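Residue numbers (UniProt numbering), protein chains in the order written: chain A, 1 to 379; chain B, 1 to 379; chain C, 1 to 379; chain D, 1 to 379.
The set of hints was computed from the structure by calculation and includes no laboratory data.
Everything numeric in this text was worked out from a predicted model, so none of it was measured.
You may find that some hints are simply not true.
[Unchecked claim] Calculated lysine-lysine pairs in the DSS-like style (CA-CA distance at most 27 Å, straight line):
1) D/K311 x C/K13
2) A/K180 x A/K218
3) C/K218 x A/K273
4) C/K3 x C/K311
5) A/K311 x C/K273
6) B/K144 x B/K3
7) B/K218 x C/K311
8) A/K68 x A/K3
9) D/K13 x D/K180
10) A/K311 x A/K3
11) C/K273 x A/K273
12) C/K311 x D/K180
13) B/K13 x A/K3
14) B/K218 x A/K13
15) A/K144 x A/K273
16) B/K144 x B/K13
17) D/K144 x D/K311
18) A/K273 x A/K218
19) B/K3 x A/K13
20) D/K273 x B/K273
21) B/K273 x D/K311
22) A/K68 x A/K13
23) A/K180 x A/K13
24) C/K13 x D/K218
25) C/K218 x B/K273
26) B/K311 x B/K3
27) D/K273 x B/K311
Next come the chains, spelled out residue by residue.
Number of protein chains: 4
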Amino acid sequence: MQKTLNVGIVGYKFMGRAHSNAYRQVAAFFPDVAFHPVMKAICGRDEEAVRAAATQLGWEGYETDWRKLVARDDIDLIDISTPSDTHNPVAVAAAEHGKHIFCEKPLARDMSEARRMLAVVRQAGVIAMVNFNYRRVPAVQLAKQLIDEGRIGQIYHWRCAYLQEGGADPQRPITWRQQKEHAGSGAVGDLGVHVIDLARFLIGDITAVTGLTTTFIKQRPIAGAEDQTGTVDVDDAALWLARFANGAIGSFEVTKLARGRRNYNSFEINGSKGSIVFNLERLNELNVVFADDPPEIRGFRNILVTDRSHKYVSAWWPAGHIIGWEHTFTHGIYDLLNGIGSGTTPAATFVDGLRAQAVVEAVERSSGSGSWIEPDYSE
Amino acid sequence: MQKTLNVGIVGYKFMGRAHSNAYRQVAAFFPDVAFHPVMKAICGRDEEAVRAAATQLGWEGYETDWRKLVARDDIDLIDISTPSDTHNPVAVAAAEHGKHIFCEKPLARDMSEARRMLAVVRQAGVIAMVNFNYRRVPAVQLAKQLIDEGRIGQIYHWRCAYLQEGGADPQRPITWRQQKEHAGSGAVGDLGVHVIDLARFLIGDITAVTGLTTTFIKQRPIAGAEDQTGTVDVDDAALWLARFANGAIGSFEVTKLARGRRNYNSFEINGSKGSIVFNLERLNELNVVFADDPPEIRGFRNILVTDRSHKYVSAWWPAGHIIGWEHTFTHGIYDLLNGIGSGTTPAATFVDGLRAQAVVEAVERSSGSGSWIEPDYSE
Amino acid sequence: MQKTLNVGIVGYKFMGRAHSNAYRQVAAFFPDVAFHPVMKAICGRDEEAVRAAATQLGWEGYETDWRKLVARDDIDLIDISTPSDTHNPVAVAAAEHGKHIFCEKPLARDMSEARRMLAVVRQAGVIAMVNFNYRRVPAVQLAKQLIDEGRIGQIYHWRCAYLQEGGADPQRPITWRQQKEHAGSGAVGDLGVHVIDLARFLIGDITAVTGLTTTFIKQRPIAGAEDQTGTVDVDDAALWLARFANGAIGSFEVTKLARGRRNYNSFEINGSKGSIVFNLERLNELNVVFADDPPEIRGFRNILVTDRSHKYVSAWWPAGHIIGWEHTFTHGIYDLLNGIGSGTTPAATFVDGLRAQAVVEAVERSSGSGSWIEPDYSE
Amino acid sequence: MQKTLNVGIVGYKFMGRAHSNAYRQVAAFFPDVAFHPVMKAICGRDEEAVRAAATQLGWEGYETDWRKLVARDDIDLIDISTPSDTHNPVAVAAAEHGKHIFCEKPLARDMSEARRMLAVVRQAGVIAMVNFNYRRVPAVQLAKQLIDEGRIGQIYHWRCAYLQEGGADPQRPITWRQQKEHAGSGAVGDLGVHVIDLARFLIGDITAVTGLTTTFIKQRPIAGAEDQTGTVDVDDAALWLARFANGAIGSFEVTKLARGRRNYNSFEINGSKGSIVFNLERLNELNVVFADDPPEIRGFRNILVTDRSHKYVSAWWPAGHIIGWEHTFTHGIYDLLNGIGSGTTPAATFVDGLRAQAVVEAVERSSGSGSWIEPDYSE
């Protein structure tokens, strides 16, 4: 008899849809998953909208108050797919009710929130995972594997740029993402935290950063009141350099002002024995070169990461049949459910979330001070 | 109250999994679909396997005899996801029971089967669609739109190559796809029929072909009896040239012996006003050049076909979040269910299936005769 | 003391400029060349133009009648850089005067010319080379080397397309290249002969072809009399299939009507152990995949063919400093001068030129007959 | 009667060869150049080697002491193709003898040298140019043109990485480039100064930088004494961030430790109306996207920068016939000779050279101090 686990989710927009899809899909493609998720309830403040979402996305019921959701006895796992300002209260309450947690990134708006969340989930002894979904792109897993196997050698360089164009049109109205109160941070907190986590996953911990954050477009129209403008009080672009604990050096860039770059989360790694190049717009591919190939036939190999031997891939389709962006969420839910089954928190843990947040804050502080800052990883 | 439509599927392997996924997904992403499919039963001869498939893939029940499935009163739509030799009997029986039909490609093993299938579904007045899923790649839809809008001008050239490597290892055991009795044809019937349909969709009807089919690897081990070999009596590669009704000329190539090409279904179109380049391994991209761009800034535009304005795309994710291969099936089921709702058969119809089969047979005959052959499109 | 060889050239336009450059450059980059060429005289009918060309291109003097040039005692090597209709008379006269010959492709307008030219140079015992310059792209040499070493295994497929857009504008005036009297053939003779030679170089001899030639744009303005039009009596596009002596099969396409393709001479080779992909617009690169790479790191290697180990490359610049199109001519002249030094005709010989011409004619005849034609290689 | 200008060059190795080629080629391809260069003498300390170089590279004679060369009455222009430590003494002496100067980059080892050189050439009133050759890649010129025409809009981002692998092998012996005494700086001075100049050319002046330089491989074998090692006292990699006077922000990276990157000088520019992407390994291409293209057909245009309308290109070959790395030197010499003709120093001037050096030093100082540094542009 298949074991099941009851899930309640907060949020029904972009992330709510992506997470819901993962719960619907996981057991169909990963039948060995430790639990089949039962999609009990979805939560949002707008009753009409959340009821429609429940129907569309496959949830048995809905709630309009997350406090009720986290208190329900029939829920085992709380999924937090809402804007950043809600992560802390929902996660804390969920943990206090003994629920496992799947929390969208970034973990929190600031370190004080992150520390409290970590403390509470530790105290509660629940499984609590942050959804840094790009760790679960099969090509990124292959990069990790090659590094761990020593195929790339000593890592010298990490170079990443997460480029989007969503902020490039100054006539696009302001949203919660451009408001510090709700988002905590701008491109750094939204995009930067993704690449910080990827860098931590692939290279290791960051010991110091220096950088700058900037806001090129400082006023935006208010939706529904286009003759008024709202002030953007978070960054729309940021650059920073980093030193890693293992001796590597890194450069990071995030921006919402890169025309033509839709979701260009890209990185390159150079090591003593090889290099790796990736970008999310071609997420099924990894480019890798090995120094020990004979020079006349040495070059970046364009690997279509759809072979059965690649992590997560055998669950899907035969080689050459590419997967999409949302599959990374299904991989995450698969690992989460297995983690709950085994009692082991899969990465990214709340410690990972906190450490990424510590780097975000170090970047912001270095932008203010103009100097190198060591992230404060204290928990 | 949402209208529903009951579905029964024959086949639970590669195609059965892909079709099942589409039924599960369609209403979650296309809530305006005319019917929500109800996944009533899946059918296969191996009871244990088909019961497990029903559970995994989300079907309410199962059958072990397709004759029973097509006779069930509670089924509205029969989905045929089995090897080619079953398409004819299942489709004919389904139509005779008044069921709508969704049939995997190729329509049939030969023209006599195709003609009978067309006649029966016409007689029955059911909606009957062939799953040429690559028509429903958003990038292919964009190609079609640009051609229809006249942006490419008069079409001169169609050039396609569907390259796979699945047959390149001579030690890989023989399967039904290498046996004429089951598959009808080899690379021509499996891959060729896809590119013939794409050519018909994008360029129009083919009036004559000359070509060759060949079998490079003629003996293969028998699975489970590796000391014996079976004879491959279908082609593993084929080439042909074509003339189109609109005056264009075309080249076609299909092979299962192209090392490094996993699922490289590629085409290029050259017209008087522009060119289009596509390949399925990067199915989210279309490369297009327009002759009337100023020469100093003219070049192939690499379009990431994930914008809301692109067909099917707004159902999924924001721009830059790519989709995978299986999404094309969901698009097809969406169109099919809407077609059943409106009483209009969506392409590819059984006529399209028959006409593609006519070209397959013309290629095979030209390979034998060494001369140009006009496809016999008679129904 | 450096040995020298005196050169006279016929033609001062596109090819004359490219050949002249090669004579100027060869000894500076290949100081071990058997002879330093002395650029004695350039020949053209327009005295003012040819005098200017002599000055600009570095020739000591000029002639206005090629008959005088080929008769000059102080000339050792005649370079034929003129349109195709002059190749036969100039080459025959040059050989009769005992001159070595470097002849632009195609060798001749037709087989009767080709046979006569071959017979005369054989009789004269001179070194006579046809400038199929794409053999001497370092990346093409690497392809050849990999094939010869068995790294690609048994060759199954040759697939090439030489795409240009020069003929796509119907308002572009007619030139000698669109007139059978001068050019002998259209896209087949101009572009097709290049890819036929590449196929022969890389795969081997062609035993049969079937194809079609067509002329999409049949009338063009006459330069200087734009109210009149001239009739294009050669093809502007052609397609053909081929069988090779070694069992491989091939597809060929040439067109001058491919918008956006400037000089896209491309090929792909699939063998039992690997594949090779090349295009001339990125002539410094070769893409190669090896079947025996482990599946998780197998993919096309993008090789920047600028390593010292690559043929011809060490004469130029350090790795990563790319060369241009014209360098292929310098490589050809280098091999020619060494061939004269050693008494061995370097490929492409006049036999190669004749055999390529035989395939051109087989393509043209198959286009007329609609059937497979075996090239008539008789000399 | 063609005007001529007499040239003497110091240096006969990599740069000497590349510059010599440009003098040989310029008048053949740019017949309108103001002067035809006469290649009078090449200078090097090793008499046998320099005599051979004179013969091979096309110089009338040679010298073994640059002091004699710069003093010769029959020399109009001194070309400095030697390591960085000689730039200052040779340039100063040349200017004092009233010679025009073409100086390899970087201008000098440090600012004091650069200031002296600038002062002396100003005093002498000679034309003095620094060879930042990448300004003269046609694709880079196209980038500049698009920016100047406002097609990219307000510039937000400059992002560049000049990646090589030449230093990645720790067994490669030490050269002058790894010694501060001769090179002044490592990757920053060698590669960084190139990208600083490109950034200044395309974006404008840099107002502040913060960065780090590092030396991953600190000991290398000594050629000819492999049991001993020499100390690398310059950087082999560097990263820095920059603010530009026009409000843009930039990231820069240079390294000699990037496996698989042969000569990957790459940049991306994001502006309010478009983006530009370039890399030197594909120097004939520029990728450009325009924000005002309709979304369904918007994407990076891959422009093959070989059209007659592109700067410098019409001198060479028809569209689609790519040029190589060395052509950039010919373009520079063309502009220099014309500058001498018109009495106007073409960029990069010695002021440009000094300003690039000022940024190099600011990077080095910021690496030491950990803070943002404003370049000291004082002359």
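Cross-check of the supplied hints:
1. At most 27 Å may separate the alpha-carbon atoms for a hinted pair to count; D/K311 and C/K13 meet this at roughly 21 Å.
2. For the given pair, A/K180 sits about 13 Å from A/K218 by alpha-carbon distance, which is consistent with the 27 Å threshold.
3. Simply put, C/K218 and A/K273 have alpha-carbon atoms about 58 Å apart, too far for the 27 Å limit, and the pair is violated.
4. In summary, the hint linking C/K3 to C/K311 is supported, as the alpha carbons are separated by about 24 Å, within the 27 Å threshold.
5. Distance restraint check for A/K311 and C/K273: the Cα-Cα separation of roughly 26 Å lies within the 27 Å cut-off, and the hinted pair is therefore satisfied.
6. A C-alpha spacing of about 32 Å is found between B/K144 and B/K3, which places the hinted pair above 27 Å, so the restraint is violated.
7. Of the pairs offered as hints, the one joining B/K218 and C/K311 is violated, with about 38 Å between alpha carbons and a cut-off of 27 Å exceeded.
8. In summary, the hint linking A/K68 to A/K3 is supported, as the alpha carbons are separated by about 25 Å, within the 27 Å threshold.
9. Pair hint D/K13 plus D/K180 holds up; C-alpha atoms about 20 Å apart against a cutoff of 27 Å.
10. In summary, the hint linking A/K311 to A/K3 is supported, as the alpha carbons are separated by about 24 Å, within the 27 Å threshold.
11. Between C/K273 and A/K273 the CA atoms are separated by roughly 26 Å; this keeps the pair inside 27 Å, and the hint holds.
12. For a cut-off of 27 Å, the pair hint linking C/K311 to D/K180 is broken: about 36 Å separates their Cα positions.
13. Distance hint between B/K13 and A/K3 is fulfilled; the C-alpha atoms sit about 25 Å from each other, no more than 27 Å.
14. With a C-alpha separation of about 55 Å, the suggested pair B/K218 and A/K13 falls outside the 27 Å cut-off, and the hint is violated.
15. At most 27 Å may separate the alpha-carbon atoms for a hinted pair to count; A/K144 and A/K273 meet this at roughly 15 Å.
16. Restraint check for B/K144 and B/K13: the C-alpha separation of about 31 Å exceeds 27 Å, so the hint is violated.
17. About 11 Å separates the Cα atoms of D/K144 and D/K311, which keeps this hinted pair within 27 Å; it holds.
18. For the hint pairing A/K273 with A/K218, the CA-to-CA distance comes to about 45 Å; that exceeds 27 Å, so the pair is violated.
19. With a C-alpha separation of about 25 Å, the suggested pairing of B/K3 with A/K13 holds against the 27 Å cut-off.
20. A threshold of 27 Å between alpha carbons decides the hint, and for D/K273 with B/K273 the separation of about 26 Å falls inside it, so the pair holds.
21. Distance check on the hinted pair: B/K273 and D/K311 sit about 26 Å apart at the alpha-carbon level, within 27 Å; holds.
22. Simply put, A/K68 and A/K13 have alpha-carbon atoms about 20 Å apart, close enough for the 27 Å limit, and the pair holds.
23. With a C-alpha separation of about 20 Å, the suggested pair A/K180 and A/K13 falls inside the 27 Å cut-off, and the hint holds.
24. Restraint check for C/K13 and D/K218: not satisfied, since their Cα atoms lie roughly 55 Å apart, outside the 27 Å limit.
25. For the hint pairing C/K218 with B/K273, the CA-to-CA distance comes to about 18 Å; that is within 27 Å, so the pair holds.
26. Distance restraint check for B/K311 and B/K3: the Cα-Cα separation of roughly 24 Å lies within the 27 Å cut-off, and the hinted pair is therefore satisfied.
27. At roughly 26 Å between alpha-carbon atoms, D/K273 and B/K311 fall within 27 Å of each other, so this suggested pair holds.
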